[in-house]
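First to last, the protein sequences are chains A and B. Residues 1 to 311 (our numbering) are what the first sequence spells out, left to right. Residues 312 to 379 (our numbering) are what the second sequence spells out, left to right.
Keep in mind the hints are simulated off the structure, nothing from the lab. Just so you know, not all the hints are guaranteed correct.
If you anchor each label on the Cβ, the simulated ranges turn out as follows [what the hints assert, rightly or not]: (1) V196(A) - E336(B): 39 to 49 Å; (2) L363(B) - S14(A): 18 to 28 Å; (3) R320(B) - V2(A): 51 to 61 Å; (4) T31(A) - G355(B): 56 to 66 Å; (5) R240(A) - D337(B): 44 to 54 Å; (6) H259(A) - L363(B): 23 to 33 Å.
Predicted, not measured: the structure shown is a model, and the values here were computed from it. Here a beta-carbon is modelled for each residue, glycine too, at the ideal position from N, C-alpha and C.
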Amino acid sequence: MVCEDCEKKAVYISLSGRGLCSKHFKKYFETKVIRTIKKHGLIEYGERVLVACSGGKDSTALLSLLWRLMRNKRENIAAIAIDEGISGYRDVKLKGLVEFCRENNIPLHTYSFKEQYGFTLDEAVKISRENRLKIKPCYICGVLRRSLINTHARRLGFSKVATGHNLDDEAQTILMNYLRGNPSLLARLGPKTGIVEDEGFVQRVKPFYFCTEKEDTIYALLTGIEVDFVECPYHVENYRLEIRDFLNRLDSTVPGVKHGLVNNFLKMLPLLKREYSSRSLGHCRVCGNPAAREVCRACMIVEKIKPFLRG
Amino acid sequence: MRVKVFIQRLRETRIIDLEEDSRIEDLLKILRISASEVVPVRNGLIVTEKELLREGDEVKLLSVVSGG
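Isolated chain A (complex conformation) (with noise of 0.2 Å):
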């Protein structure tokens, strides 16, 4: 198959048929991020912008992407690294941002769940397994770097995070809490994440959310980023592995189902966000960050963890 610009070959094709060499596709899928950005006003002139980085190929690619696109106000971006303290797992992949960062100058700030809470993900799993507490890893980690990101995000001065999260990775999400009956948190969902607005809470955007895995990959590699296979330890335990594996089957079958998907929810965002945004949030008694209830969830985790640490 070829390009249907140059006749080049092509290494992509797309949903409509559209055969795309390497050249055509990085244009195709940097004006599809741009477009995204500029239609949802996910960063405005002059914002300061935190990529929040995993390691891994979606956040790096995004990192790199927006580093380009605002190389005239590279004092207004920087990078956001959360080491989780998982043994064989985050540390390989954060030494590889590590070193992106530096080759490209991009400032990168790391903080560790050990300095930041005194336990590190394996520690917490470890006790909570232990003692029965029934608090699963990836609950652990997903609500304590989301806080850690968003306390600097704000400390720092930044007014958006931006986070790698692509089609498939919001496909994934709606269908998950469609199955668990979670308007609530649907209503969170979108380009742009949050339905409140508290000073509190540096808003999340999204610039790959109409870009799929599959896109985001090869744009990694055609940039020159790694693109590895280290697997979470404890990814096996997780829900949305599942729900990934039905949707690429159900994709192979029925071309679309995630942009159908996806694209379908948006139309009834607006609905949500007017549903749930009424509710009011208070702040933290503990961290002071917003929170629905007394004490926010990571601080609820947090306390539930330290009596069983040793030492």
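Put chain B on the given structure of chain A with help from the hints.
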């Protein structure tokens, strides 16, 4: 014809026998891998699922899904 396939997600290399004029998409069907889960690389170059395969080709199926 016979091709050598490296499946990144499984960290496994397999030798697969295919009919003449088979394409990457035929290989994916045999391996029961969805096209949206992998980026095919044939003899070092990224290709589409429509790419024709030849005897002795080396194919890498890079995983698009993140491991975490």
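- Query: Can you list which hints this structure breaks, lowest number first?
  - Reply: When the structure is compared with the hints, numbers 3, 4 and 5 turn out to be violated.
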